[in-house]
Structure formats: structure tokens, C-alpha cells
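Fit chain E to the given chain Z structure using the hints.
First to last, the sequence lines map onto chains Z and E.
Per the UniProt record's numbering, the first sequence runs over residues 1 to 507.
Per the UniProt record's numbering, the second sequence runs over residues 1 to 366.
Please note that a few of the clues may not be correct.
Derived lysine to aspartate or glutamate pairs resembling DMTMM-like cross-links, with alpha carbons at most 20 Å apart [what the hints assert, rightly or not]: (1) E/K3 <-> E/D280; (2) Z/K196 <-> Z/D457; (3) E/K6 <-> E/D346; (4) E/K6 <-> Z/E346; (5) Z/K157 <-> Z/E73; (6) Z/K56 <-> E/E5.
For the record, the hints were derived by calculation from the structure and aren't laboratory data.
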Amino acid sequence: MRDVLLALEGLTKAYPGVVANEDVSFTIGRGEIHALLGENGAGKSTLVKTIYGLVKPDRGRMVLNGARFEPAEPRAARTSGVAMVFQHFSLFDALNVAENIALGMENPPSQRDLAARIEEVSETYGLPLDPFRVVGDLSAGERQRVEIIRCLLQDPKLLIMDEPTSVLTPQEVTILFETLRKLSAEGTAILYISHKLEEIRALCETATILRLGRNVGTCDPRETSARQMAEMMVGGTLHVPEREAAAPGEVALRLESLSAPSPRAFGTSLKEIRLDVRRGEVLGIGGVAGNGQDELLDALSGELRVAPGMIFFEGRDVGAEGPDLRRALGLLAAPEERNGHAAAPEMSLTENAILTGRVREGLSRRGFLNWGRAKTFAERVIERFDVRTPGADNTAMSLSGGNLQKFVIGREILQRPEVLIVNQPTWGVDASAAAAIRQALLDLASNGAAVIVISQDLDELMEISDRFAALNEGRLSEPRPAPGLTVDEIGLMLGGAHDMEVAHVAE
Amino acid sequence: MLKLEKRQRPSEVWSYATPVIAVLLTMVFGGLLFMALGKDPFVAIRTIFWDPLFSEFAFFYRPQLLVKGAPLVLIAIGLSYGFRAGIWNIGAEGQYIVGAIFAAAAGLALYPMEARWLIFPLMVLAGAFGGFLWAMIPGILKVRFGTNEILVSLMLVYVAEQLLASMALGALKNPEGFGFPGSRNLAQWSSSQNLEIVAGSGMHWGVVVAFLAVIGTYVTMSRHVLGFQIRLTGQSPRAAAFSGVNPARLVLVSLGVSGALAGLAGMFEVTGPAGQISIDFNAGYGFTAIIVAFLGRLHPIGIMLAGGLMALTYIGGEIAQSQLQMPAAAIQLFQGMLLFFLLAVDVVTHYRVRWRRPASARVAAE
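Just chain Z, same shape as in the assembly:
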């Protein structure tokens, strides 16, 4: 056993109506890579925010290096040697790497000294990074390196990483893991938050599992199967989606050289995407966030109109048609962002059912809404997809993220689409609900619909896809049969380790 670096004793934190952490105790050893596991809402974020000084616990205490540790703010935590890399980066696109890092420092050294130190750290830990590149031009993986190096410059004793691999390709994950192992060998402890169990098994020595705010167990992930850990997280047995194999039918959706500029600044344009999707198949589209996923969904849903001759639904050119006509034909979509895109937060679930269901479910007649039918439809979605809410009159905002996601996906599936495109269908949804959503998508395909699943979760895509393609900088790779694809092959399809060589060249 290593000596204890940080001990948590009986931490409890309650918010109005919900206990985020209840009597959580565990210890992190010096140089240990410690995983913190749990579903969404299990209390992982609250716990690390407590350690980082962002949240003050109601009860319990922390001991760091044998001394009482109660950081009043993140600055105090950093001074004590606790650093954190957040899931969402806080970097300025218009500044270069060194300037961004200087912004986070109390007493920044001169640009030249800082650049030298950045290069030194980046070489020592195998994190190639040019201090003078503008952050706006960096890939997600490189941005994460900026955040990690920013932390390493403080010489931390404990490095907290929140879902660090969700934006990385498999090759980039390998690089990150090497860095983390090296840090661990030098005595820096790492608290690693993730729900990707295979990664945790590859990297971590100890795992603490939270469920509903409580510590429900500790295990050695190297000797525990992913399934066992998942069941500890869920507190029950896990249902694995299954499907009957169906012979692919005729082509339902065809994209021919689909190109479109992004409607947003800093968005990614779509470049010459070619694709055939057949009835009865699930096509998985992987890719690191920000490589054109949103734009592809917008182009298919009809929010983004494209030039003629690019999008064909059952042979009919629909590129210039709006969402209503595409829905009438049977081309349905569910965007990634639930609040404010797939659903209007301040409107009731009944109104949100009208939002996409009006045309296909006949919720209006001669321009007048049929509120009775709309409510019935909303209640059907709520019941069929187990949406936890007191009723259809509640606002979308009042639902938890996972519940709203179930509503949004269920709303499209119950409209019996011919082609359904979903983006991040199980993002933020707990494991059992995610399994239910995947099962519903598979059932839809078995019944003869064509399904396109855009996701950043490769495990999910491998589980349900018949064919797999990758989106990289707005280009789509040639789809390949999903069974039998190796992680390395997928990684290369995703664009490999983005710009890994660049930093070396610049040295």
C-alpha cells in the first residue's frame, strides 16, 4: 500500500431536494491512479468540486498530506498542490498557447521563459505542443494538452481529470495514458473520472464507485470485469441490446457529394459526403466532437438547405426542402443539444411533442392545433420510453437531462420514421436507459427503417452498427462493416492522432 496523499472522511453535500454526496469516504495514495466511477448524477462532479474548492461540504473532512484540507476556493486548492483538467476547456481561441497559459497564472513569467518551460514540460511528458500556435487552430486533443500542461506547470501532487478521453481519438488516448503513467511513476496522484470502463481497466489501480451519492464499493479494475463494474454502478443487472439480423433492404437515403458551408462561425463545413443507407441497417458515424456532426444533422433534418442533387430520400431530391416536408416523407432527426435545439426548455412536453410531431402525427388541422391529440401523443412517448415526469404539462426544463433525452428520442421513434438520424442519442443518459434507447433504435431498424447514429461513444457504435464510417473535418470516410473492425483501424478512420507531428516539426 502506498502512503496516503488525500483522505476523504464522511463527505456529505446536499442541494435542495437532492443529496449529491452522502457520507463518502476513501483515500488516494501518493502516485496512485484512482478512478472515480458512476453514472450521471451519481455525485462524481460534486465530489471533485469539493476537492478543488468549488463546493463546500456540509459535513465531513479532508486530509491532505496529513494536514486538514479545506480549500475555500480553487486558488487555495492549487496552492496546496491540487490541479484539475475540466471536461470543457477554458481557453481563448484568439490567443496562442503560451498566452493562454500565462492568463491562468498568478505571476506569469515573461513569454520567452514561459515558452521555454512549456517546451520542457511538453517534451518530458511526451505531450507535443508548440507554445506559439494559436489555440483556435488546435484540435480538441491538443487543447487538452494545453490544459494538462497548464496544470503540470504548477507541479501538482494530485491531478484531477474529468472525462478526459471523450474528445480524443484512440491514438490520442494512448498518448495521454503514457503521460499519466509517467506522472504517476514520478509520484503525482491522479483522480480519473470516466464512465468508459475499458479505459479504466487499462489505466487505473483502484476504482471507487459512486451510486446515488454514496460510495458503494472499491475494486481493483485490473481484476474486475467491465460488466461487474457496470453492475456496481447501476446496482442491478445490465440489459445488453440484441437484435435479429435482417437482410438490408433498398436504399432509403442517398447522399451524393454533400457539401455545405457551416452556418456558424468556427463551425465545420461538410465536404463531399457520399453515403447510401439501406432499410433495415444501422449506420454508425463516429468522430471527435466538432468535426461536422452538427452540420450533418442540420443538413439532413432540413434546417440547413443544400444545393440540388445532394440529398435523395427514396430517389427524391429533398435538399431544398424544409423540415416539415422531410418529416412528412418520413425523414426524421434528433439533434444532440436537447435544450434549445431538440426541445424548447420553457415549453411543456405537450408543446414539445408538437415541435416535431405536428406533421406526421396529425396534431393540427387546417392550421389549428389539436391539443388533445398532442397531449395523448406526449403521454404515449412518456409512457413508452419511461420518461420520469409528473405529466405532459410539465416544462422540458423540469426534466433531468437523461429523461429529456429519452423524450426527444422517443418522440421521433414513435413517429415511425422511414429514416431516422440521431446525434449522441445516449449522451448523459444512465446505463439502463441508454440500453433501452439503443434497443429501440435496433428495433426500428429490424422493422425496416434506416437508422443513422452519430456518436462520439465508439463502444456504443460498435454495439449497434452494421456499418461504420468516421467524420473527420467535415469529410466522411468510406463506410465499412462494423463487426471485425479493430480499435486501431477505427482510430485511423477518425483521423489518427490529430497533428501529432506538427509540434515535432516546429521544435
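Just chain E, lined up with the frame of chain Z:
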């Protein structure tokens, strides 16, 4: 220390209570203002709010309530379409003027024909069309070139005022008016006059149309797809685009509706209470209607009540001016206070106000 916490959803109770509280606060601070001017605040408040309805001479003032309220309600109802969708037409005053000019011109072109069945409806259509056209200028500029509709519609008010002066002095000037500026009197020509439907009630055709607009808008907002799309666009523009709302079309529709209703208000005014196109025909209804729209929470029934209240302060204000020698500016200030307090008090519908003691004990200060 006072602290504001965002509510999960806007409080329903407060959204009904705040207009009442705003009126009460306006009375209190308005009273202080009148006191500072050396008037008895209680007499002043009574003169403004009580006398028009219940005094000895109320029979004279009560019809005025409908006459003043109708154009305010009509314009504010139109504005509520755009305001709910986040499209800000500030130029209803201009659309009101142009509607009046179009209506007067259409009628006067046929003068002195005696055919009320033809001329009056024609003028109604022309008025609505004029307001619609004037509102299409900021609408099309916004849709085609992305200009800001607030600035364009506001600036067009001043253009409309110049147009009005030019009409009163030129094209529409009464040829038998001995050179005085202003058109023929449309209220005295039987083909065009917008008279009271029931004598002595103040109930002219504009009042009828205002009530119809209230009912029509209520139905549109609660039952029609257009109302749904307007509310959706106001709350989440991206969800609206996903749902299939065409933003450009919505801009044109909501500006068109507000322009047409403002033009109608101008038509009923020029053929009734005002009687003629003159240099000072417009009385600020188009701007006051913005206050009315917000005071009524952009809800048709609320707008109807708010229009009545605002008409009351107009009439009461006039009485206060003539009986208490109150300056006109003080009355305008008083009306402005109403909007100010409404917006200020509105905070509590969206936020919970908490009083936090330094000793971390919390007491809800609701």
C-alpha cells in the same frame, strides 16, 4: 444582503400580481411627484384614476375611454405578435400615420361620391394596406440585408411624420379650406365617417375591430400553428428552426400584422375622432402602445385591460391638466413611471429575492 436566485420557471402568481403592484407603485411615486409640484397628491391621483369613471361628469368621460383605448389596444395587439417572437417593431407610430394617409387618400379620391357601402370598406382596406406596406420596409430590409428592425422602424416614424406634413400641406389639402393646412373633414362626409354605433357610448367601428383583434389573437396564440411558431421562436430560435419555422417568413408575418393593425387604427382615427389629415394628426398612440403591450404581458386579454388603464391615465391626465393646472410633462412622466415600475417589479417573476444575513441564516423575503 439582498440576493437574487433564478427561478426554475417564472412564477405564475407574480406574473399576475406584478402589473397591479406596478400600478400601485406608480400611484405612490406619482403622488410624491405631484406633491413636489405643490399639488395635493390624493386629489391628483383621484382626478386621474377616479374622476373619469365615477365623478359627476363621468358620462362625458366614459365614452372617451373607448375612443382613446381602441387605437392603443389595436396597435398593441399587433405589436404583441412580433414582441413574442423577439422581433421589435418600434415604428407603429409611423405605420399608424401611413395607414391614415392611405385611407384618407383612397376615400378622398372618390369625393364627393355618396356610396358608404363602397367607400368605407375601401378605406378600411387601404388603411390596413398602408400600415402593412410601411412595416414591410424594415421587414424586407431585415430579411434581405440583415438590418436591425428596431432602428429602421423607428427612423421610419420620422419619415412618416414628414410625409404627413407634406400631405396635409399638399396633395391632400382641402381645396375649399381657405388655404389652411389639413384635408377635408372625413368625419363629416357620410361616405367615410366613422361614427358611434350606439350614440353616446364612444363605441365606434375601431372599438369593434379592436375587440375582434383581441379575440382573433387569443385564438391564434393559443390554438393556431402561427401562434405556436411565434412563441417557439421567441423562446428558442434554434428549436424553432429545427421544428420547421421559416424565420424570414415569421419576420414578415409579424411585422405585417402589426403594421396592418396600426394602419387600421390610423384609419379609424382619421375618419372619426381626428376627422382629418393634419400636421399634428399623430398623438403618440404608436409609442404608448409599446407600454400597453408590455403592461398587458403581451397577452391579448392583458393588453385589453392595459389599454383601458392607459386610456384612463390619458383622460385623467387631461382632467388634471385643466382642473389642477398640472403640466403636461408631469402626466407623461407619470405614464413613463408605469412602464418603469412594471419592468422593475418584473424581476420577481423570474427571480426569487432572498435576504441573506451575514450569519448565513436564510430567510425568504417573499
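Taking only the CA atoms, is the gap from Z/K56 to E/E5 under or equal to 20 Å? holds, 19 Å
Between E/K3 and E/D280, is the straight-line Cα distance small enough, at 20 Å or below? violated, 48 Å
Restraint check for Z/K157 with Z/E73, where alpha carbons must lie at most 20 Å apart: At roughly 17 Å apart (the allowed maximum being 20 Å), Z/E73 and Z/K157 satisfy the hint.
E/K6 paired with E/D346 [C-alpha distance capped at 20 Å]: holds, 13 Å
Sort out whether Z/D457 lies within 20 Å of Z/K196, counting only the CA atoms. holds, 9 Å
Below or equal to 20 Å on CA atoms is what counts here, so check E/K6 against Z/E346. Distance of about 14 Å is within 20 Å: holds.
The structure fails hint 1 only (numbered hints given earlier).
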